[in-house]
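Protein chains: 4
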Amino acid sequence: MLIVMKPGATASEIDAVINIIETVGFRAHSMPGATRTAIGITGNEGPIDGRRFENLAGVAEVIRVTKPYKLITLDLRPDRTIVRLDDATIGDSKLSIIAGPCAIESRDQAFAIATIVQQSGARFFRGCVWKPRTSPYTFQGMGDKGWEILSAVRDEFDLKIVTEAVEESHIDVIENLGDVIQIGARNMQNFPLLKRAGRSRLPVLLKRGMAATLEEWLLAAEYIMAEGNYNVILCERGVRTFAQHTRNTLDLASVPAIRRISHLPVMVDPSHGTGTAYMVTPLARAGVAAGADGLMIEVHNRPELALSDSAQALTPSQYLELVDEVQAIHQVMAPTGNDGLNNRRNMTPGKPSLLEQSRHSNRRESLS
Amino acid sequence: MLIVMKPGATASEIDAVINIIETVGFRAHSMPGATRTAIGITGNEGPIDGRRFENLAGVAEVIRVTKPYKLITLDLRPDRTIVRLDDATIGDSKLSIIAGPCAIESRDQAFAIATIVQQSGARFFRGCVWKPRTSPYTFQGMGDKGWEILSAVRDEFDLKIVTEAVEESHIDVIENLGDVIQIGARNMQNFPLLKRAGRSRLPVLLKRGMAATLEEWLLAAEYIMAEGNYNVILCERGVRTFAQHTRNTLDLASVPAIRRISHLPVMVDPSHGTGTAYMVTPLARAGVAAGADGLMIEVHNRPELALSDSAQALTPSQYLELVDEVQAIHQVMAPTGNDGLNNRRNMTPGKPSLLEQSRHSNRRESLS
Amino acid sequence: MLIVMKPGATASEIDAVINIIETVGFRAHSMPGATRTAIGITGNEGPIDGRRFENLAGVAEVIRVTKPYKLITLDLRPDRTIVRLDDATIGDSKLSIIAGPCAIESRDQAFAIATIVQQSGARFFRGCVWKPRTSPYTFQGMGDKGWEILSAVRDEFDLKIVTEAVEESHIDVIENLGDVIQIGARNMQNFPLLKRAGRSRLPVLLKRGMAATLEEWLLAAEYIMAEGNYNVILCERGVRTFAQHTRNTLDLASVPAIRRISHLPVMVDPSHGTGTAYMVTPLARAGVAAGADGLMIEVHNRPELALSDSAQALTPSQYLELVDEVQAIHQVMAPTGNDGLNNRRNMTPGKPSLLEQSRHSNRRESLS
Amino acid sequence: MLIVMKPGATASEIDAVINIIETVGFRAHSMPGATRTAIGITGNEGPIDGRRFENLAGVAEVIRVTKPYKLITLDLRPDRTIVRLDDATIGDSKLSIIAGPCAIESRDQAFAIATIVQQSGARFFRGCVWKPRTSPYTFQGMGDKGWEILSAVRDEFDLKIVTEAVEESHIDVIENLGDVIQIGARNMQNFPLLKRAGRSRLPVLLKRGMAATLEEWLLAAEYIMAEGNYNVILCERGVRTFAQHTRNTLDLASVPAIRRISHLPVMVDPSHGTGTAYMVTPLARAGVAAGADGLMIEVHNRPELALSDSAQALTPSQYLELVDEVQAIHQVMAPTGNDGLNNRRNMTPGKPSLLEQSRHSNRRESLS
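Chains as they are written, first to last, in the numbering used here: chain G, 14 to 381; chain H, 14 to 381; chain R, 14 to 381; chain S, 14 to 381.
Next up, chain G with everything else stripped away, as it sits in the complex:
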């Protein structure tokens, strides 16, 4: 915490601020400057709500220094979190793909799509049975009937089931029948739901809220972890901006930003992140190139008949194309790690990676 005094602040105003700081048990460090005095505060374990100093006489500004999160940080846990469900993983060297329809609509639909998802090599199947919809007059999901279908998909295709929980009781059901609890963008700050997810043994995929700062998003993860569940996967799905050519603006800079602060895996959802089928594949490639641990993709056997989000669902062939392309990019990035931070990892000792191989080919001439 740093308190910046106004240029004309009097000595007694400065003393008064220092007094209050020391009264509440901290140390005050006065720094008289050329034009104004700043007062640093130390001795606090966690963040202080310093906005209380804002209205004291002579105070120009209060600047927070300590970050409010703990459990999500690399400071606390320097090794990256890897979420494991049997052989299905998120956060290790493989690119993880969660794919499926926006909503479960019928057994035929789910099975047709699951066939494609399995064929693509993805290990996670998404499909909502409870849909949070903007309008009360649109399709709200199949509810419990959808679970019979999801369970059959899980058994028959050996896919892990990822479903959104919209209320606490849903988590009970997912714990019985599913594999990963999804918390949607609209519920990123539904704190009772976060706490309930924090008391679950299942991994939680936490989507970024539409207007969430990075800090708010990480604090939402902190809510889950503070209850004891450390298997949290962050998922960037775009934020709301003035731009109108997409449904949301996919903020891929969040990927390296999270990498720098946190050990948690981070995925990208280009389907919601763009809202339009023709943009999904380019932005999926971009997400992987930015260093994401995986992707969440909406695919539908007949997008034009989908009961929700029809405009952003890929056809099966578009989806398979996408998987091919992103796997190729993931592979070429592997030797330098997927974070762009120059941390060389020798993944197959002794064997040159594709990228390394490419450094011996005559790439220079084609550069320009």
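No false leads were slipped in.
Since the list can't tell identical chains apart, any single copy or any two copies may satisfy a pair.
Straight-line alpha carbon distances no greater than 25 Å define the calculated DMTMM-like cross-link-like pairs of lysine to aspartate or glutamate that follow:
1) 107 / 334
2) 19 / 88
3) 208 / 157
4) 158 / 240
5) 83 / 228
6) 107 / 337
7) 83 / 26
8) 173 / 99
9) 158 / 181
10) 19 / 92
11) 208 / 185
12) 19 / 228
Simulated from the structure, these hints should not be mistaken for laboratory data.
Start from chain G and add chains H, R and S according to the hints.
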């Protein structure tokens, strides 16, 4: 719904789109233009999810025409909704004020503040007992113990109690002990909570979400009304933008925008809308001048010691000053209506307008 | 400037940072905290570009403390700037109104509108002759021919002429024939244009850019003042956000924010700030209630035929109504000043204002 | 243009609107719907400013259908524009890289950096001599003296010089001594500057404005093309949003969005798009993966001493690493085109995909 074809769309692509429209039971109106053909769709009662047409061959764009809301509209109910709790009202010709601390912290605190609120003539007392907080490590509200205090305030000061419900079970408690259910910005699209509020007999104060478009906000109100509860009060509390001189950007244009579409009352919360005490009064005045039905104001007997939102709480004297100022503005606006729309005035030169007349009248007695 | 080290920063990393600070001639103040060390920098006259420290080993974050502006601040000049053109003023106790069409279209149009503007008591006439238009295919203004009309309006109606300069040469013309140089939102960071305006003897009305932070806007004013022209008027005209019910989101919190930092007058433009006629009057009232020194309003004798911005122009009668309403609000606010910061001004010595009359209740003595 | 009437609009209100449409020479198509009537307008060559209809009696909403741009569209020119300067190209199958310092500071600095740029295979050298700076008190560029250095770089390293023009006279200089005119984000709607660039024979690199919609950006390109200069390169550099972990939010969805509408090449600037060195490489990779034609990268021989934008400049080794990584991604994407759109692939099981084939082959021939 309007489907705009690409300039080079073929006759058979156009026919295919028309075919699909008619197959699903609507009427297609083809409008060949100088450079491209547009196809209008009629025959639909509610909005069609037309995004399904977006990926058909030859289609350039799909434009929605029908609005997705019904119950909130002036089309459905031309008279403005007035929320009444005994003699306390929101939405009629008086300016309604909801005031109190961010959170209930102690009996002394609550009573000291309630004294001031009552003195100001306000009829509603706000105070949270369950706080949705961004960080899991900050004060989360007194919980049930806070209710003993709120009940005492209600009895002793004859004030109506407004409290935020963070989960469904909270609404049960408010129904027993409080008067108005507040749905906070973070829960504006917590649909199970909205539905539960819709099954209540108490009025619901619905805050705008941080990134909510007007349409999403009105649809959240529609969720409540669709369950049978028509006593919904909208509350503008600022949206998230790039601006950094305020915690949120108060969007006062939402007030006339709502007036034009909806019969529901609309209030303004300049405390959360600015996040800083020195801005609260100017923006409160602005909210009233824009035509709001009332204000929600945070006041604290000792803001510098408040356990939450300390920077935006007014002192008692600042609060009383604010009430004076906004009542004076409300009164001067009264004769021309408080929306700037339906006010008819005789502009005949020489004859004093109602507004001018009001400059000579005593405006004091209607303050509370 | 405050440099926050990472929790695990080593003593030698900390020393290295301190070394660099002292090498470049500043003082370093080390503040070891419970979890991390922060290093304050003093001795600098102006702001340091501290982002250079960001990539040093062990550095977590660099926080700027000193503000980059000087001439615009109340620190430098505690008295408010009043812009005077003969008897026409901006920034004193009167509410200043600039009104007129978006663009000059014909002598008949300009004279019809000037008649109304004069009748309303406004002292400034706006009207563009050079229009910055988003599309190259729309009306670009009358150019020099428009000046004959503007000059005639100036002579005949005794109104001060406010016109937007789109390039440097325009300022030469305005200096000959006009009264106030307007810099539009799109040119707020057109630095050569700002510098040219800074070398003029005419007042400059500087609109806020669509995505300008408060600091950037104030620095644009600083550019003008740094060249010697201190007659700068700031004009809030809305910023770009996700909201779609208005053309821009009018950010009225900028009014008290500027008041707190700067001596410059600030006006509000609800015409561009909303983009829609029915919202102009409510937001004009709100702007005055927030404490603005004046308003800029678009009015047209036949809005439906206007060659630009037709949707936001008021009719003459709507405009006169607006002036009545905002003057009434301005009057009622007068005794406490128009900034909400409790600065009492006795505008009519000896005569109690309406608001002062209202203070016969017993709440006055507790006012801070 | 589509005019949507209110549900309660009368027949005579509808007739009045139709009358006005026909009076101004268009055709009106009335479409009575279940709840309201819509009126389509055809017969217009370009866009109509339909906002004039907004305030007519009975009108609920006016929806624009025709897009306002022409020259930038694929409709007009189905083949992609390739900008050629001798052997240096932008927009063809190669990945184009523009690299260099933010500003030219000295001959030593420029030559040290040019050496690296040349070594990387890039064909374009960037370096500003006139800097648009937010504050008047910071380094404003070397001005004309910088040109001696740039000319020497051009001769000695055989690099094409890209420099930002801040005013019209700068373009004269660039035409004499440079190769590509850069129009910066702050000047994207400086229309006189755009028109002057449109009268040049040099290619123009047009950066997206901080708050520019896609349409506004494309219309700025249209301004240049309307004057006869068709060599326009678009450059995405991030937009302003609420997010605070980056200087700007890089909107990579603009890349496929432009591809779908326009024949113009599009580059990505991850340096300004993130503002922080550690994010530049991941976002550069993402930009290429999204399908950009090239990148603009800031590199400095000693970033910690850079006179501007020091936090975002890469070191020489970081830059060379970046080039390696993005070329590898570009290569792996090549066979399916760099837009993720028009790529048709034989998905027959058992047969290697084109992508797989490409890993063993020369991939050039299938490039669109």
